[in-house]
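**Student:** With the sequences and hints as input, model every part of the structure.
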Amino acid sequence: PASRTLGGRRGELVVDGSWTWNDPATGGEHRVRYVTPHEQGRGPPVVSIHGFGANSLHMARNVAGLSADHRAYAFDKLGYGGSSKPSPRGREVNSIYNFDTWGRQTTSFIEEVVREPAFLLCNSIGGVTGLSAAAARPDLVRGVVVLNMSLRMLHVSKQPRWQRPLVSALQYTLRETNVGKAFFSQVATPQGVSNALSQAYGERVDDDLVDVILKPGLEEGAVSVFLDFISYSGGPLPEDLLDQVKCPVRIGWGTEDPWEPVELGRQAFASRPTVDGFVEFPGLGHCPQDQDPETVNSFVREFVRDHA
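In this text, residue positions in the sequence shown follow our numbering: the first is 220, and each later residue adds one.
Calculated from the structure, these hints are not laboratory results.
With a straight-line cut-off of 30 angstroms between C-alpha atoms, the simulated DSSO-like cross-links for lysine-lysine are:
no.	residue 1	residue 2
1	K434	K400
2	K465	K377
3	K377	K400
Fair warning: this is a prediction, and the values are worked out from it, not measured in the lab.
**Tutor:** Quick look at the structure:
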């Protein structure tokens with residue numbers, strides 16, 4: 220795969236930074252880890268937003284690759300990677316880990332760290348986060364590139380009526396009993412993560428990627444974040460957000476994605492007025508930005524040139 224040509228471990232491609240985000244709605248100050256390239260470019264800034272269970276190093280090949288032409292950043296969403304993981308216990312379910320929270324985090328990051336309006340590069344649920352940010356603060360988001368957008372098929376509005384109480388009961392059991400922790404302990408192993416990623420990529424993944432995803436998931440508080448988010452069947456749908464945003468959106472899709480089928484993505488999103496293109500990436504899976512960063516980085520550069 221093309222990604223192998225970059226060389227080096229993902230963490231060696233970027234430089235770590237730390238930002239304190241003050242968000243009273245989620246309990247005050249939070250540490251946020253972010254990454255930048257070793258040398259920044261001078262073009263319009265691009266902020267990358269990772270998907271479920273991932274972190275900014277999953278976008279490291281894009282941050283590094285885009286730096287020749289752009290100021291490039293990626294940050295760990297609250298609850299993931301090296302960012303703070305405030306406990307959701309004792310609070311209303313999904314009151315911390317939701318797209319409104321991560322949308323606010325995104326716009327605050329742009330205001331306080333980037334300090335000028337930015338383009339966004341998003342993967343999976345990161346796409347819903349990016350669209351939430353763009354809908355809330357059109358003055359800060361110049362355009363959004365989304366790769367393999369989460370279709371949110373477990374959203375309550377997309378579940379058959381008969382299925383809703385069953386899904387709700389399962390989510391409650393995982394979140395509120397030891398069943399959830401037992402399930403997480405089975406998933407959060409090198410073999411478990413490798414199996415899941417190999418399915419998502421459609422090919423065997425390297426050990427560095429397994430470490431990038433697994434190690435933050437073993438930190439204190441990570442299991443509670445995981446169990447809270449898999450109970451999240453509310454909040455915005457990407458279809459609705461696409462109808463709300465004012466900026467251009469371009470969508471790319473790995474055709475071999477086993478989790479978010481390209482046919483459903485095209486049907487749901489390609490004809491939305493704000494979507495200026497829906498491009499398929501043959502042979503790639505759920506995370507094209509890491510699997511073939513050169514192709515994705517060129518895709519992003521072209522979008523920025525069209526709308527800068």
